[in-house]
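S.K.: Everything in the sequence shown is counted per the working numbering, starting at 11 for the first residue and increasing by one.
Any given hint might turn out to be false.
Claimed, not checked - Derived Cβ-Cβ restraints for the label pairs, each shown as a range:
#	residue 1	residue 2	range
1	P131	L158	37 to 43 Å
2	L158	F189	25 to 31 Å
3	T143	L165	32 to 38 Å
The set of hints was computed from the structure by calculation and includes no laboratory data.
Yeah, the Cβ is synthetic: ideal placement off N, Cα and C, and Gly gets one too.
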Amino acid sequence: TKCAPFLAIRTLKQLAKDERLNFPLASENGVTSCLPVLLTALSGVLASIISHFVSKKNLISLNKLRKTTTSISAFGFSLCMAGILLAGCDVTINVLCFSISLFFKGCALAGIVIAGVDMAPAFAGTVCGVGSTVAAIGSFLVPVTTGLLTTHETLSEWRKVFWLNLGVVGSSGIVYILFGSAEVQPWNYSVDEEPTEAPNEKRKSTEKCFFLEI
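All chains, please: the whole structure from these sequences, using the hints.
M.R.: This is how it looks when you write it as structure tokens:
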């Protein structure tokens, strides 16, 4: 989920450079360039605050909360990619869909991004480090993947890149809904240590830690 948006970002920057979708160049339009990043930061903070409130009021379980925010992020992003595919060369719709897609991306900060802290508080640093490393590997594969799919730089080839974004992010959301968890795992405790309370009861929410991975 965290890797695919980078594919979209790099793709649209290249599209702007080549003017495949009539994007204004970054040097000519600072608002177009910074708006998606600002929306990502804004949604990350808002999603974290709302999630903290919901968790504090115990409105739904922490596990359902994480899956809900992750679903909003993954499926919202995928719908925006579909909007770009349908928009063709309409620059206004493309910029709008791209900006909104990264707004949805920020919601993951209150979902799958923080879930590692929920699963293993004692090993939060290690779990988050491993997750970030795997995500970073994906960013290295982005230029290679994009290059292989766009050998002739045609619009139909770029559409394949957007379809790839849609598929990867959408499927990752489905996988997390089916198999993801925010419950404390048994391996979080040492051999001699027994959990003194149920995993999701009376635990302090971790949303107060804001991770702005922009």
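S.K.: None of the hints should be skipped; say for each whether it holds.
M.R.: Hint check:
1. For the pair P131 and L158, the supplied restraint of 37 to 43 Å holds, since their beta-carbon distance comes to about 41 Å.
2. Here the CB-CB span from L158 to F189 is close to 29 Å, well matched to the stated 25 to 31 Å.
3. At about 35 Å, the beta-carbon gap between T143 and L165 stays in the expected band of 32 to 38 Å.
The structure fails none of the hints (numbered hints given earlier).
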